[in-house]
Structures are given as structure tokens and as C-alpha cells.
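Engineer: Each chain, letter by letter, is given below.
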Amino acid sequence: MLMLKVENLHVKVADKEILKGVDFELASGELHVVMGPNGSGKSTLALTIAGHPRYVVTEGRILFEGKDITYAKPEERAKKGIFLSFQHPVEVEGVKVINFLQRTLKNLRGIDEVEAYDMIFKAVEDLGFDSSILSRELNVGFSGGERKKLEMLQAYLVKPKLLILDEPDSGVDVDSLKVIAGVIAKLHSEGTAILLITHYGRILEYLNPQRVHVLKEGKLVVSGGMELVKLIEEKGFAAVEENGTAVKA
Amino acid sequence: MGQQSRLEEILKAGSLEEILGTAVPYPKEIELKGELTRDMIEELSRIKNEPDWMLRHRLKALELFQKLPMPKWVVGVEELDLENLTLYSKPEIGNEVKDWDDLPENIRRTFERLNIPEIEKKFLSGLTAVFDSESVYSNLKAEFEKMGIIMLPMEEAVQKYPDLVKKYFGRVFPAGEHKFSALHHALWSGGVFVYVPKGVRIPFPVEAFFVIGSALEGQFEHTLLVADEGSYIHFIEGCSAPMYKGFSFHDGMVEIYAHKNATVKFTTIQNWSRNVINFNNKRAIIEENAYVEWIEGSIGSQITYTYPSSVLKGEGARTAQYVVSLSNGPFMKDTGAKTWHLAPNTSSKIVSKSISANGGINIYRGLVRILKGARNSTATVSCDSLILDEESKAYTYPHNQSDEPTASIIHEATTGKLGEDKLFYMNSRGISEEEAKSLIVLGFISEILEGLPFEYVEVLKKVIELEFSEVGGVG
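Top line first, the protein sequences correspond to chains A and B.
The opening position of the first sequence corresponds to residue 1 in my numbering, with each subsequent residue numbered one higher.
The opening position of the second sequence corresponds to residue 1 in my numbering, with each subsequent residue numbered one higher.
Just so you know, these hints were derived from the structure itself, not from any lab.
There could be a bad hint or two in this list.
[What the hints assert, rightly or not] Label-pair distances were calculated between CB atoms; the ranges are: (1) B:F123 with A:V174: 48 to 56 Å; (2) A:P53 with B:E105: 15 to 23 Å; (3) B:N400 with A:K20: 52 to 60 Å; (4) A:G21 with B:E412: 26 to 34 Å; (5) B:E412 with A:G171: 45 to 53 Å; (6) B:A413 with A:G171: 30 to 38 Å; (7) A:P53 with B:M70: 27 to 35 Å; (8) A:K12 with B:E455: 50 to 58 Å; (9) A:D126 with B:G14: 33 to 41 Å; (10) A:G191 with B:G14: 33 to 41 Å; (11) B:G246 with A:P53: 36 to 44 Å; (12) A:G110 with B:R201: 55 to 63 Å; (13) A:P53 with B:Y395: 40 to 48 Å.
Every residue gets a Cβ at the ideal spot worked out from N, C-alpha and C, and that includes glycine.
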């Protein structure tokens, strides 16, 4: 079944066009990878699908499970089952992680506070995280690795239909990377569709994507299989352009 | 009356109006209004059957009121026309009120709506309820009366304990301080007197709850709290008013005298309806090794001026002043704290947290003064402002002055804004803008909420949730 369909997506940020007509489809249960050099529009794609108000769709549309969500509020998208794991999760002073997670579970899964409390502690244990994280303020003073892990904990608890990961592997050490890849693999095996945005290929050592898309200057220039990842690793993004037509599906 | 479920009802309420209620007309026995004159003060004193010394005290204050200029720092009270206000209003009640059931239904209901009788039963050592200008209910649990604790409506204390009252009344916060303290001393009515004898510790809080029942009224209640040597008391003050058209004016006063080694905690939770102009005069004198803690929570009102003040008079005296102010909507809070260090080894701590939203304005005005000779005294001031949108503002005007070289003052200030990215992060987890705001606000003040009894915290959380609900705060 088709889960996400992005049609001719044009997106502006502060009057600058970042995405210039992106098309792709993601079926339920699939894992797709979006790669691309810095500034190609990868994060813009993720934030636009999640509904960030600063990212303005000027043309095209986004369909989720057949419904047009191009202009839906971010919280509505979340309630439909879209979850974005942020590249740079922001610090929210004053809000304790535990309370934030309880509220998230209540809103996204209808789980009451008491039950959520137990679930959260169990999830922390499952993932081998330190439970002291729960009494801290949301992302405040967290290291890059801690922030990424907290995003994973949230995704693990929410069990979304579609998990969008914006560079979950940037700024994390090898051990954290394994943990993060483990959570992604687990969610994927349980049926979550995944759109994984990455700059490097190293997280892909732990995962099995169905499809790889390459984004350059606001357009998907190539879509293909894992061979694209190899090509990029060996020859860089420049090689893709040259070989684009050859490997394009 | 379903008391057991009242807290639940409050927690389920869909709007602030459901909690505060709307004003209904009710019979009043006496009203004094019009121009403030000597005759009026004499009439007020006569109604209260006061001793001569109190009448003289009032008349002296009236003279000061007429002489003193309008303070320069008062802005936004153009609406305030004293001649238009009822300056004294006595609701019609029976003579003997021993129980809530002895009160007229409308008054009883107002307090029930706010869950006051239930809170009294469960959490308090004693309670005084003031409706308009009079204390309509006052009850100290018998076990505490036996310990020698006095808790009486202020008027009754003037009659029964004139020497004790005279010793402190107007000595902590004199009438001549400024125009509004003079006005207060001329017109004071209602309020409570509390005396805790030497070495007595009251295990549960004592509460006074103030309600202004209708528009165009002035309320001038006076609270005097004397904690004798080595005693302990936690006093909670609650303020509320139903929704009405037109404004009302509150010019209350709290005087605290903490003797050697005494501890006084004074907590105010003010949730006046959004058309009350709220003026507070609060001061404590703190003797040797005594400690006074103020928690001043201002949620409601149109404009609030409140600066709980501590005079550290004795060596080793300490104070903490926690000030939380929420201005949500076209309202203003001018709040802060004042501390004078007069003796050696005194310490003070001011924590101010303000939240501005939907065009709200918060002003922090603080004073820390360490006098020469107050050796090794320390003061810390921290001022945090949270601004939830572009239309709202927060200003801080701290004044810290030390004339003692061995003393120190530390001042910190932070301003936090709820930016688009923070909000989006919460939104992307299914949390709406309104919910995100109340979560952030409750988190911001959690340090202060921790010091309050559970039931108060639950009600406060609810009020804040409603403030930011989609229906919106009460405009």
C-alpha cells in the first residue's frame, strides 16, 4: 500500500526556493534513503513533510495514506502517524523529559499518564539508556549523542507509521550509532516505513534499504539501489551526476 | 453540596469562568461611596464600633492620603476614580457565623466554587474568609486555639487584643509610605490578625481567602501576622473574584513581624478576575535568626502592583522572596521584591519568574539595599522572564546597592522566548500550541510549585492550562 507520495514539491524558505520539484513514493513497510551533499535540501524535505511553518510549499503536494496533508498542522500529521526524528532537536527549558514523553504518548497513542510512565521506564531499559535522562529538561545541556538517542527513544515509544530520520548518524560515536541503527531496524521489522536522510553511508551498514534517492540542488537526480551508496562512497556526489542517467530508474 | 468531588470538578472545568463564576447581585447591608472625607472615615469607624485610637489612626492616614502625591511609578490606573467606587461594602449576613451553612447561599457558594471549605477541612489549621469588606467566616481548629494561637478577623482583634494589635499595626508598613498605603490605612476593613506564641509551631497552613463580589468596589483588607520567638507558621492567602463588567480596586496590606528565631512562610495565590486593579502593600520585619519566605503568585487582575518586602533587622535574619507573575492578554504585572539588610550576617534571596503572553507585560522592579555595618551579608537576585510571543514584553528594573564592603550581591537575569523551532518540536509530537505553552509555563515555575501543598498545585496547574486553552484566557 502506498504510504507517502510526494508530487512535484516546491518549497520556499524565507523567499528562497530550496526544493524545486521533488517526486517520490514510499510504500508501507519500506525503507528509503535520501542522500545528498550539504545544502541540497534534505532537511527541508524532512521538515516540510512534518509541517514546519517556515517551510512554505509553493507548488505540488504531499499525500499520506491517500490524504492530502500539504497544509495540515504539524500536530495533525503527528497524529496521523508521521514522526520526524530531528537532526538538531531543540532545547526546551522547563519541560522535563518524562512529562514530555507522557504527553506525547497521551496525544499520539491515547495512553494515560500512569501507563505511559511504566512504558517509558521499560523502553529506557529495553534500549539500554540511562534513566536519569528522564528527569532532565528536554534536550537542555544534552550532548549530540544524547539528543539523537532521545529522538530514538521517542520513536520507539510512539511506533509511528512513518519515521523520517534527519541525519540520525551525524555527530554520534560508533557505539551510539549501533544503538540508533538497532532501534531503526527494530521499528522497521515491526512495520514502520522509514525515510532515512543521511549524509554518509555508514549507518547503512546496519540497515537494508529498498531504495536510495540522491538529492542535489533541490531535485532528486537519481533513484536506485544500494549500488548508489557504494558509488557515492567511492567517488563522491559528483559521480552521481555524471552517472545519473545511467542508474536512474 | 458534593464537597468530595469539588476538586475533580475544578480539574474538569472547561473555562476559567467556570472556576471563578459570574457575578450575581446580592443584598448589601451597608455601602459607603462617594468622595473620601473625614465624615466617611468617622462613619466607617462608627459602624465598626472602633476604639478611639483606631479612629485617630484612620484620620491621620486620611490626611496623609490627601497630602501625598500620586506615585510616579504608577501607570495605567487612569480608570481608577475613587469617587466612583464603593469604598466599604458589608454584605448582608447573619450575626453568628459558626459554620459555612450560616452564611447566605450566594456567599457560601462563591467559596464552595473555589473549593475553600474542603481545603479548610483537609489541609488547614485555620481559615478566614473575607467577602467584600468584611471577614464573613473565621475558624481556627480548636486544638490550635488551645496552644494559645490567636486567629481573628482584624476588627475583632482590635476589640479583644488592643494592646497587642496597637504594638504592631501600622508599625511594619506605615501609612505615610506612599499614597496608596495611606489610603489603605484610612479605609482598611476586613482581614485577619494572627498571633503565634513563643515556641509554638503550627503544623498545617492557615489561610485567608479574599473575594470581591461585585464591580466598582474597593477592598482594603489588612492582615497582621505576629510570630513570637521560635514559632513557625505557614500562611496562605488566596484572592479571587467572579467575572463582572467594570473594574474593582484592591489595596490590601500585609504586615509580618517575625521575632527572634521565628519562621514565617507567606504564600499568595492571586487570581482576581481580569478587571481588578490590584495594589498590594506587603512587608515583614525580621529579627535575629528569624526567617521569612514570601511566595507571591500573581495570575489574575488587570494590573497588579506587588513587591513583598523584607527588612532584615536582626543579626542572622534571612529571607527568600519568590515572585511569579503571569500576564496573559492585555494585562500588566508590575511586581518584584524589596529587601533591606540592616544587620550583620543577614542573607536574602529573590527569585522572580515572569511569563508574558498574548500582549501581556511584566515589569520586575526590585530593590536590594545592604546598609553599612551589615557585615558579611549576602543577597542573590535571579530574574527570569519567559516571553511566549512577539506581542508580549518583559522589563526588569533591578536596583542593588551595597554600602558595606564585606557584603555581596549577586544578580542574574535570563530571558527565554518560545521560538518557532521550539514550538514546532512540540507540535511534531502531537502537542498543540496551547498545550505546549502550558507545559512550558508549568515547567518554568516548577521550582516554586514544589513548595506548595498538592491540592493548590493541582488547581494552579488547571488555571494555567485554561489560561492557554483554545478558548483563551478570560479577557
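Engineer: With reference to the structure, classify each hint as holding or not holding.
Structural biologist: Status of the hints after comparison with the structure:
1. Look at B:F123 against A:V174: about 55 Å separates their beta carbons, and that is inside 48 to 56 Å.
2. At roughly 51 Å, the beta carbons of A:P53 and B:E105 sit outside the given window of 15 to 23 Å.
3. Evaluation of the 52 to 60 Å hint for B:N400 and A:K20 yields a pass: the beta carbon distance comes to about 56 Å.
4. A beta carbon spacing of about 51 Å between A:G21 and B:E412 contradicts the range 26 to 34 Å that was offered as a hint.
5. Against the hinted window of 45 to 53 Å, the Cβ-Cβ separation of B:E412 and A:G171 comes to about 30 Å, which falls outside the hint.
6. At about 32 Å, the CB distance of B:A413 to A:G171 agrees with the hint of 30 to 38 Å.
7. Range check, A:P53 to B:M70: about 46 Å between beta-carbon atoms, so the 27 to 35 Å window is missed.
8. At roughly 51 Å, the beta-carbon separation of A:K12 and B:E455 lies within the given 50 to 58 Å, and the hint holds.
9. About 38 Å separates the C-beta atoms of A:D126 and B:G14, a value consistent with the hinted range of 33 to 41 Å.
10. Roughly 38 Å separates the CB atoms of A:G191 and B:G14, a value that falls within the hinted 33 to 41 Å.
11. Between B:G246 and A:P53 the beta carbon distance is about 40 Å. The supplied range of 36 to 44 Å therefore holds.
12. The hinted range of 55 to 63 Å is not satisfied by A:G110 and B:R201, whose Cβ atoms lie roughly 47 Å apart.
13. Here the CB-CB span from A:P53 to B:Y395 is close to 29 Å, at odds with the stated 40 to 48 Å.
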